[in-house]
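Engineer: Chains X and A are the protein sequences, given in the same order. For the record, in the first sequence the residue sitting at position 462 is 462 according to this note's numbering, with numbers rising by one throughout. For the record, in the second sequence the residue sitting at position 151 is 151 according to this note's numbering, with numbers rising by one throughout.
Just so you know, the hints here were simulated from the structure itself, not pulled from any lab data. Watch out, some of these pointers could steer you wrong.
Claimed, not checked - Taking CB as the label site, the calculated pair distances span:
(1) 474/X - 169/A: 57 to 63 Å
(2) 557/X - 171/A: 45 to 51 Å
(3) 79/A - 427/X: 32 to 38 Å
To be verified - Straight-line alpha carbon distances no greater than 25 Å define the calculated SDA-like cross-link-like pairs of lysine to any residue that follow:
(4) 521/X - 174/A
(5) 171/X - 114/A
(6) 170/X - 183/A
(7) 225/X - 129/A
(8) 518/X - 181/A
(9) 217/X - 239/X
(10) 518/X - 183/A
(11) 213/X - 143/X
(12) 129/A - 171/X
(13) 213/X - 7/A
(14) 171/X - 7/A
(15) 225/X - 8/A
(16) 518/X - 186/A
(17) 170/X - 8/A
(18) 171/X - 115/A
(19) 213/X - 115/A
(20) 90/A - 521/X
Predicted model, so just to flag it, every value in this text is computed and none were measured. All C-beta atoms, glycine included, are put in the ideal place defined by N, C-alpha and C.
The primary structure of each chain is shown beneath.
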Amino acid sequence: MGVQTPNGFNLDTSGKRIVVDPVTRIEGHLRVEVNVDSGNVIRNAVSTGTMWRGIEPILRGRDPRDAWAFTERICGVCTGTHALTSVRAVEDALGIKIPENANSIRNLMQLCLQVHDHIVHFYHLHALDWVDVVSALSADPKATSTLAQSISAWPLSSPGYFRDLQTRLKKFVESGQLGPFKNGYWGSKAYRLPPEANLMAVAHYLEALDFQKDIVKVHTIFGGKNPHPNWLVGGVPCPINVDGTGAVGAINMERLNYVTSIIDRLIEFTDLVYLPDVAAIGSFYKDWLYGGGLSGKSVLSYGDVPEHANDYSDKSLLLPRGAIINGNLNEVFPVNHRDPNEIQEFVAHSWYKYPDETKGLHPWDGVTEPNYVLGPKAKGTRTNIQELDEDGKYSWIKAPRWKGNAMEVGPLARWVIGYAQGKADFKDPVDKFLKDLGLPLTALFSTLGRTAARALEAQWAAYQMRHFQNKLIATIKAGDSNTAFVDKWKPETWPTETKGVGFTEAPRGALAHWIRIKDTKIENYQCVVPTTWNGSPRDPKGNIGAFEASLMNTPMENPEQPLEILRTIHSFDPCLACSTHVMSPDGQELANVKVR
Amino acid sequence: MTRSTTPPRILVLGIGNILWADEGFGVRVVEEFHRRYAVPDNVTLLDGGTQGLYLVNFIQEADYLVVFDAIDYGLEPGTLKLVFDEEVPKFTGIKKMSLHQTGFQEVLSAADLLGQYPERLALVGCQPKDLEDWGGPLTEPVRGQIGPAIEAACAILAGWGAPATARSAPLAETDALLGNDIDLARYERREPADAVDGLR
């Protein structure tokens, strides 16, 4: 029994329903409902999110040159990426160019965010879906040292180092606060690492936590401050003065050398810690190849990191652009943000209203009018939903589609596209990673593959930072210290009416902003964010979104402990507070999994 | 050892999302604090936004910490409540501060795990009325607590030997904590967005 979706999934709702409702309703959050069969295999998946509901009411009527400061506040992690997307949209609309140095600096900031976010995501938000912290307490420090030294030349690997760390960890856990380690189903059979691998991973969790504080300084240097670095339509706001000694905000040689040292450390950390860790963890999970979802069928990347300033062609973009559909890796389609028939958002199953909901709207013509109604089969009340009706409206997230196809976006999508295009810097590392684990290419289309793609991309981004840092220094040394073009800064120079689009690849996937400007003010502004693509509900044709697809056919060890659901959803690095547990007012954890 | 001669490093941190109505309380208080008062060299004011774990280095570097935030105490909207030291993490865990899965409680834990936890903590929290009016301004009762929250922080800083002093000349616009039209006055010149009949 079941319903076949156009994008190839067989949905069966006859089995028991499991509701995983992660956080309080106060903040944006993600909720997942699945039906499992008698063998606890997921046969239907429904994902719903409360998401920011459109920035246009806030931006309408404002100066387009300030839009980045608003979009920077949408999200706590994509801050810089939203700002970059915004200034690109405005530049596109107004025909503003940027100097080569500004392109290098923007790339450095974007790549830095990419590698920083990937490291923090893997170690601090995702590793604990693979690593059992409590098991690490019973590891043998000497055996841990042997393991660590067998996989990497990273120097922090002595038996004494792991012994001290274990003692610290023990003290922390025994103090009863658990803190960041609160959210885990410790001891579950779904955890597969031996205690020593767990201890090694926890050690690197702490090292990454300590290291990430230095990484952000790149944003402080180029953005003038952090958090919330400054951006500028027409370039970057930081002047370059190589001979200067500490002029406020200016980039001098001392600061550039500091950035170089951070880049060296990022390369070392991704080479010797992050990638070896993912390979080591992967070796214990290589028969757990669930979670692929749409990744082997339909993936989308806008591309990013232009080699040359103002050149956003496929050839210039170092992160690849393209779309793959129906699993055909032999054909990568071009993507056009301006074509009204390519990217469209649907609301048939979203809590919004369109005049005709069988049709999608291109973001330049996008509307965001709330319409909160539950389907007839929904259980509970409007204020306390027990069970959603996915045949009706069931999410605050719209359903973006590319030529009608539901698409996965993110590191795995980018790497699949780069691989399909035969680009050596994407294909070779993927082949090597799979070969070392003895896995075929199809294994890439999985939760593990998504996690590996993120690690490979962090390493790639660290090396690209070195490239743009060298380029920046060479240009400055050749006498060009220009960081902004201001000839079209004044609104008098703008056309009365214009529109533009800016795009980037955020750490978690394709991101674009569409802007309309009229009489020098913003008339409409629409963002389509990565988690809208991945977390989208069904569309009018019944295609399921990437989160939903990724959960299909995954067996669960124990439906009361939905570790497999969390592991796969977290592998997308969702931009929602998709935490696993509900907090009560005294900070204590509440049970939040309901099996019906 | 150097404590007797070196003044403690104090961080005054405002957190929250200015785009979510009363969620913006913490950032608005630190913004206004900076506009009204000058602080000694050992005090840093920071608009932390929703940066989550990315704030851990600032916490690590602080000996004493004051946090402004919208807190769900279960009290009347607009009620200001101060909490100190070991009580602080319990209250900051109620809601997720960032859309990225980390609450401030976890940020504090991370600092603790790294062995650099502030010696003293003070949380100046305000009970929000509306956290769902996306794009909307602070509600009246919460906005009314910006001044009292600043006064509370002044008293705390004075008690820590680092009194803030009222600015004799108004702060230059270019020195404000938030610019580019997202400062409190300009942000709120707009009509509140239509409240959404959301999951409430």
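Engineer: Now, for every hint given, state plainly whether the structure supports it.
Structural biologist: Do the hints match the structure? See the list:
At roughly 45 Å, the beta carbons of residue 474/X and residue 169/A sit outside the given window of 57 to 63 Å. Distance hint check: the CB atoms of residue 557/X and residue 171/A are about 58 Å apart, inconsistent with the given range 45 to 51 Å. A C-beta distance of roughly 59 Å is found between residue 79/A and residue 427/X, which places it outside the suggested range of 32 to 38 Å. For the suggested pair residue 521/X and residue 174/A, the alpha carbons sit about 23 Å apart, so the restraint of at most 25 Å is met.
For the proposed pair residue 171/X and residue 114/A, the alpha carbon gap of about 13 Å is at most 25 Å, so the pair holds. Restraint check: the Cα-Cα separation between residue 170/X and residue 183/A comes to about 46 Å, which exceeds 25 Å; the hinted pair is violated. Between residue 225/X and residue 129/A the alpha-carbon distance is near 32 Å, which puts this suggested pair outside the 25 Å criterion. In summary, the hint linking residue 518/X to residue 181/A is supported, as the alpha carbons are separated by about 18 Å, within the 25 Å threshold.
At roughly 17 Å between alpha-carbon atoms, residue 217/X and residue 239/X fall within 25 Å of each other, so this suggested pair holds. The hinted pair formed by residue 518/X and residue 183/A meets the criterion: a straight-line CA distance of about 24 Å does not exceed 25 Å. Distance restraint check for residue 213/X and residue 143/X: the Cα-Cα separation of roughly 30 Å exceeds the 25 Å cut-off, and the hinted pair is therefore not satisfied. Only pairs whose Cα atoms come within 25 Å are accepted, and residue 129/A paired with residue 171/X is rejected, the gap being roughly 40 Å.
A hinted pair counts as satisfied when its Cα atoms are at most 25 Å apart, and residue 213/X with residue 7/A qualifies at roughly 23 Å. Proximity of residue 171/X to residue 7/A is assessed by CA-CA distance (about 30 Å); at most 25 Å being required, the pair is judged violated. For the hint pairing residue 225/X with residue 8/A, the CA-to-CA distance comes to about 23 Å; that is within 25 Å, so the pair holds. Of the supplied pair hints, the one linking residue 518/X and residue 186/A holds, its CA atoms being roughly 20 Å apart against a limit of 25 Å.
Pair hint residue 170/X plus residue 8/A does not hold up; C-alpha atoms about 30 Å apart against a cutoff of 25 Å. For the hint pairing residue 171/X with residue 115/A, the CA-to-CA distance comes to about 12 Å; that is within 25 Å, so the pair holds. For the hint linking residue 213/X to residue 115/A, the alpha-carbon distance of about 14 Å falls within 25 Å, and the restraint holds. For the hint linking residue 90/A to residue 521/X, the alpha-carbon distance of about 45 Å lies beyond 25 Å, and the restraint is violated.
Checked against the numbered hints listed earlier, the structure breaks hints 1, 2, 3, 6, 7, 11, 12, 14, 17, 20; every other hint is satisfied.
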